[in-house]
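Number of protein chains: 6
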Amino acid sequence: MTHLPFSGLISFARAPILDLAADFRADVGVLGLPFDIALGFRPGARFAPRAIREASLRYALPPEGFYDLRTGQRKLAGLQLVDAGDVILPSLEPELARNRITEAAQQLKSRVKLPIFLGGDHSVSYPLLRAFSDVKDLHIVQLDAHLDFTDVRNDTRFSNSSPFRRACEDLPNLKHITTIGLRGLRFDEEAVQAAKSRGHALVGMWDCADLEKVIQQLPEGKNVYLSFDVDVLDPAVLPATSSPEVDGMSYATAMTLIRETVKRNTLVGLDVVELTPALDASGNSNLLIARLIMETLTEVFS
Amino acid sequence: MTHLPFSGLISFARAPILDLAADFRADVGVLGLPFDIALGFRPGARFAPRAIREASLRYALPPEGFYDLRTGQRKLAGLQLVDAGDVILPSLEPELARNRITEAAQQLKSRVKLPIFLGGDHSVSYPLLRAFSDVKDLHIVQLDAHLDFTDVRNDTRFSNSSPFRRACEDLPNLKHITTIGLRGLRFDEEAVQAAKSRGHALVGMWDCADLEKVIQQLPEGKNVYLSFDVDVLDPAVLPATSSPEVDGMSYATAMTLIRETVKRNTLVGLDVVELTPALDASGNSNLLIARLIMETLTEVFS
Amino acid sequence: MTHLPFSGLISFARAPILDLAADFRADVGVLGLPFDIALGFRPGARFAPRAIREASLRYALPPEGFYDLRTGQRKLAGLQLVDAGDVILPSLEPELARNRITEAAQQLKSRVKLPIFLGGDHSVSYPLLRAFSDVKDLHIVQLDAHLDFTDVRNDTRFSNSSPFRRACEDLPNLKHITTIGLRGLRFDEEAVQAAKSRGHALVGMWDCADLEKVIQQLPEGKNVYLSFDVDVLDPAVLPATSSPEVDGMSYATAMTLIRETVKRNTLVGLDVVELTPALDASGNSNLLIARLIMETLTEVFS
Amino acid sequence: MTHLPFSGLISFARAPILDLAADFRADVGVLGLPFDIALGFRPGARFAPRAIREASLRYALPPEGFYDLRTGQRKLAGLQLVDAGDVILPSLEPELARNRITEAAQQLKSRVKLPIFLGGDHSVSYPLLRAFSDVKDLHIVQLDAHLDFTDVRNDTRFSNSSPFRRACEDLPNLKHITTIGLRGLRFDEEAVQAAKSRGHALVGMWDCADLEKVIQQLPEGKNVYLSFDVDVLDPAVLPATSSPEVDGMSYATAMTLIRETVKRNTLVGLDVVELTPALDASGNSNLLIARLIMETLTEVFS
Amino acid sequence: MTHLPFSGLISFARAPILDLAADFRADVGVLGLPFDIALGFRPGARFAPRAIREASLRYALPPEGFYDLRTGQRKLAGLQLVDAGDVILPSLEPELARNRITEAAQQLKSRVKLPIFLGGDHSVSYPLLRAFSDVKDLHIVQLDAHLDFTDVRNDTRFSNSSPFRRACEDLPNLKHITTIGLRGLRFDEEAVQAAKSRGHALVGMWDCADLEKVIQQLPEGKNVYLSFDVDVLDPAVLPATSSPEVDGMSYATAMTLIRETVKRNTLVGLDVVELTPALDASGNSNLLIARLIMETLTEVFS
Amino acid sequence: MTHLPFSGLISFARAPILDLAADFRADVGVLGLPFDIALGFRPGARFAPRAIREASLRYALPPEGFYDLRTGQRKLAGLQLVDAGDVILPSLEPELARNRITEAAQQLKSRVKLPIFLGGDHSVSYPLLRAFSDVKDLHIVQLDAHLDFTDVRNDTRFSNSSPFRRACEDLPNLKHITTIGLRGLRFDEEAVQAAKSRGHALVGMWDCADLEKVIQQLPEGKNVYLSFDVDVLDPAVLPATSSPEVDGMSYATAMTLIRETVKRNTLVGLDVVELTPALDASGNSNLLIARLIMETLTEVFS
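Residue numbers (full-length UniProt numbering), protein chains in the order written: chain A, 1 to 302; chain B, 1 to 302; chain C, 1 to 302; chain D, 1 to 302; chain E, 1 to 302; chain F, 1 to 302.
Read the hints as simulated data drawn from the structure, not as lab findings.
Watch out, some of these pointers could steer you wrong.
No copy labels: a pair is met if it fits in one copy or bridges any two.
In silico lysine-lysine, DSSO-like type, Cα no more than 30 Å apart, as pairs [said to hold, decoys possible]:
#1 75 to 196
#2 109 to 213
#3 213 to 75
#4 175 to 136
#5 75 to 109
Only chain A is shown next, with the shape it has when bound in the complex:
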């Protein structure tokens, strides 16, 4: 294995490529969802799974793991990581697309301890969450600039503004959502009231000045699905997203929240959505997301 990131065939962090139909078991499995047709603004997230994989070659995992300068320890030694490829998704048949996402997520979930889903726009989280309908007392931690709890937008109930609304309707086991990083000039009042009436925690970016207090609002001892919308990050840190909101989260704060979430809970799934590679010609946004995923793994598996 080379660690020349411009060389060699591409899989997530140079993990072996295995078909979902195959009978494998692993610690972590990565699945791509090249789907970006939910109503929004600037398309291109369909290229994100590929871009994240390519960037992840900078973080190819050697068998002995990563040596961490700060702690002097090795991390992720022996981790079994698998790349399960992309789900093939028709566009003009969105219900079929949603069903395929759910089915593939169920398969991956049955094979690995931690399934990681690479979006795609945020609409994919709804069919992904359907694969977690059997998880007891499911909690979601959503890092996001937007609430994504809208009922109907522009005549559709399935846009990237609605995944968690739909999930709450369909999944009785979905107990609670903590959304952190909210900001922006305008919100959908009906969505805000609906989320509040369900008892969800809505944490504005302005609340993150007191990070300790935010951490205390995180669930504890729960089964947690983490949904990471890259637009939670500040656009200066991550320009490559469809709907940027200024004055966002630093990478360090995001990693702290992820760390505290996985420390206090059992992480049952992770999605990373709304990365739009073409909006950052330098490719730096892709590199950052690849690292964020690998760093999340160091928190989960240590």
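Keeping the supplied structure of chain A fixed, place chains B, C, D, E and F upon it in accordance with the hints.
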């Protein structure tokens, strides 16, 4: 009116903006279809109506028309041109989107002599053509690198590979299609056979070396709907398209075919599709398409 | 009205378009000044009015106003916002251009409570300010990395380094200027002395560490014209400007200063200058400026 | 001298840099005019002199000249080439700018056999031509998509649409202009009539199909100033120009016309204008123009 | 297998990925050489193997082959195509890098009928050709704008200007080279004489006007290694190359020369070099090269 | 001298250009090393010397120096600054390249008080440091995200990961290295141990929260060579680098560390490496580095 193309508010060629609901009459009406979610490759055609309008400011039409150096004549003097804005299109409800396109096209068609539709990907041509179901003996001239007559692709019947297949199924008045500019490494054999069995004319780019012979294959004395897929042009001439095919048509050849088509027939509608502005950072592709539309008007109205 | 930001015709925040010659009244009017020929560095600000308008479609104002998550209140409900288009500006006749700017600004000022001017480079502020020669005891708050108080640069007195010098010479009612955000490796000493001798407040970026103290230097109870040069912001936050200076202001600090300014004073006019859209291919800079203007309105009209 | 084009300090083709004030003599002198504020469309030609110089390093002239594969001969051996830098040009004082251009051109003209001027937009040709008011029976060959003979545009007489009109008014010795490559959707009728009434030759791009015939229209035995507007080239060949016109000239045709012009006449000056480097991120447009200038020298000095 | 080109894991045309160490046999094998440090101009060809693979997904080969519209035939049905990944290449140990290339090429050559090598800059052709030292009477057909037969350039004998010079020195079986597409302002006279003295055919781009005559100069009945430097193509057709030369070859002409070469000879190897993906942000250059390779296969295997 | 940064010939801050062979003396000399072939990731640093020079024109030094607003003082008045051009560097002869770098650095060092080296990738620091083998008790302060103390990487001992390892082996006078800004997901454990065993100070980015403490770790009263790898900066601040690491240093912190370093020690040399201009299309990264160098000069010479 200024002719500074970087200044002033934007409408197609600085035409007045009128709502489709209003009771107006005009020679030409332009309607945008910012829709790019049909299965394909590189998205972004949703920004094409806006990009074409902005580029068209270089061709703002003065009341006295354009002075043509070659002929010494004025063209398009007094033409009544109207910009009817964009159709609002939901994405994850594709059937609803198709219905809205058809309805808006019907409205525009009832108000102007020549409706011009700015795509959007090529899937919009099917709902557009449904608005022409009342035209007697409808012929289509399609300038395109691809046949777009596929039955089913990736589990959908409505992708940008299928608009003319669907139109043929639904519109008994659609008599014939002439497709010019075909090329590429591979074709859908079933689609080719289906088109041939209906008697359609399939003209390869290689046939265009003898342009006279191609012109003779054009319909004569018919009601013609012209569908212009920008990928018929050579990618060196127009890089900004999702699925480019090398060794394409020059602008001059395309204009000759348009000229001969409108000279011999009655043009009942025109669509221009598959322009993807973000793929040509210079903006030159947009400028070319804006000119092509205005030059088509000089052929129709003279 | 759609809130699909890639769809529909373009006016500032989807406001109605009205000609300055028309007899209208409104709360806010927006006027574009596509002018970027004052001596400087990287041209392209002539495209800023258009780019800001396009970006502002993300902030189309619904009649019921924006719902603010933090306060739970609606903002800008019923605001009458008008887009008055662009001034047509010759380039090689700069005196004529300046006169047209002044005249158009006077017209807009007579029709709306708050006129907003979209530059263009900073040289436009001088002819804009001439339209405010009738305002009693005019104060200027200038957010800017540069002083722009140079007498003569490269043989001209009208470059984007001199607007406030010229304004001070011509407008007896211009009492005071507070410039905040100054930084950079070198300054024009003569300009600094001239500004100081007039009693202007020159606030360096280094002073902004103690924001409370800066706020106390703001005027109170005055008629204030706010001139926002986008290069006051940190280039990481806003890369799209001709002459970036590192270690600049955050968006949050800029909004705090704007908020405190409008709270303590009467805002009589606002210009936003030096945005150069082509320098940020992502378009994020444009989106940020559109939001900054809308958020300023929420501060003024609440 | 290296021929690594990414290495070393920059001057035109690695020529020695000499100040116009110095008392030198040379075969060829290059002078830059970083000026792009004449009314037009997309600014940025101010960066063209620098971009052409940088690209020209690929064509650094060794003392023994270039070896030509086709003829087996050495070309430009011993040519004395000098780079005289750029004229410092104020913007908001356009008359002063024009005077400085004229003066610098006179100086260069007095020192070299062939002065080459790197624009800048086409407005610079008027003050450049004033430096040739002493040339007997001056003829101009203008390769250009546009006529640039407009009297007044957008309230100015000095835009990049008018340089030759102004020159004709001011220079009694300017006998004739041959403009080749004209095309586009619209022309200024008054300008066309004015040019024709003076007997100018207006050669459309459509006439260039019969190149021999065009060549016969070239002047013979005259003092010729060649003005090369890069937009005469096809935008596929040279995308980096403010106002592209489709279906333009190939490089080969342009070089043929240049070759025939210099063969039949005495070339007294050359300008190359309207290159806008930022519109071609590949840099290929700059490389092409650098080569065109060097290849022109091989025609003149052989 | 999907034919959504933005979806799924990446291998050349979705071929199976096999390690060179494995004991496989196939018709065609593809090997990447991400190496771009030979002296030149603009680096970035190290990303070409990856970019070509990604683009090739548009040409994923179905088992039944491609249906060709022009002939009505299926092509490449049942072709066994394998992707053997990239060679791991150190940079500051160039001799070691060359040895690894030779060794990997030998391995691939022993396993497949036609090995295809994806450069990298043109310097890789020398170590590649060393793997063909056992081929009887080896002929090379080189499509290239440059001769690449220089002895020493900038103190090195192994730059991308010298691969064929080195090969001729080392390989007694290398009988003849036909170089087609030569052009440019200057040539290395010593290199030209050396090539001519060996009897090589040097065919200028100007000779390609009479393509029949060029075809007659191709070898016949020989073992031919085809070296395709993408800069043989016109920069308008393929902008993404380090050292573009204007007035180059069309894709159609290049394919004709390839077709005639493989028809008359036995193709023993193919390399495609000097593609620099970052110089064409549209990605169209990559798509063109992927197609050229697949189309070459249709000529070889039919 | 103009201060129009888009005008005029290019040298560092408009300093006079002098050949290293000439017998000159100056305060500061700048030398470019356009070399980027050491193993790494994204090439292009070969264009950095040119890009930094072009950007530095914004900081052309007038004889009277820069006027500093904060202190009211003039800085760098009368500084003798010289641009010594670039070293001509072969690529495929890396040992020769290293020798030329060492030799040129020795020459520059003998002529100026402070030599400044513009990389190039970080591998150049090793041959540069060899020119300082005569400096008593040499200390290095390295601002860098990476340790660059690896023994062998990808079969080479001379990559951009190893310059300081090689320098320590070769230079007995090299006493100590302080590396500040370290961060990233993985480190080379062997390199970390080797550096620690030599007593080097390894300061993580996380330590920089307490900047005072970091400053106390700086050497005092030593001869210091400062090696500035631009990737020490946060990628939001400086995107244009090959191997960005998120959560990096602000410009202000970097300047503080530079200031404190030069205040407490004698600065004997400075290199600035790993700038990759093509990765930041806005050019802002280049401008920032040009300013950082000039600002460093104000600290050294005051």
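Going down the list of hints, with the structure as the test:
Taking CA atoms no more than 30 Å apart as the test, residue 75 paired with residue 196 passes between copies only; the shortest distance there is 21 Å, against 39 Å inside one copy. Taking the shortest Cα distances, residue 109 and residue 213 never come within 30 Å of each other, neither inside one copy (32 Å) nor across copies (47 Å). Taking the shortest alpha-carbon separations for residue 213 and residue 75, both the intra-copy value of 29 Å and the inter-copy value of 28 Å come in at or below 30 Å. In this homomeric assembly, residue 175 and residue 136 come within 30 Å of each other (Cα to Cα) only inside a single copy, at 9 Å, whereas the closest approach across copies is 60 Å.
For a Cα distance limit of 30 Å, the shortest separation of residue 75 from residue 109 inside one copy, 23 Å, qualifies, whereas the shortest one across copies, 41 Å, does not.
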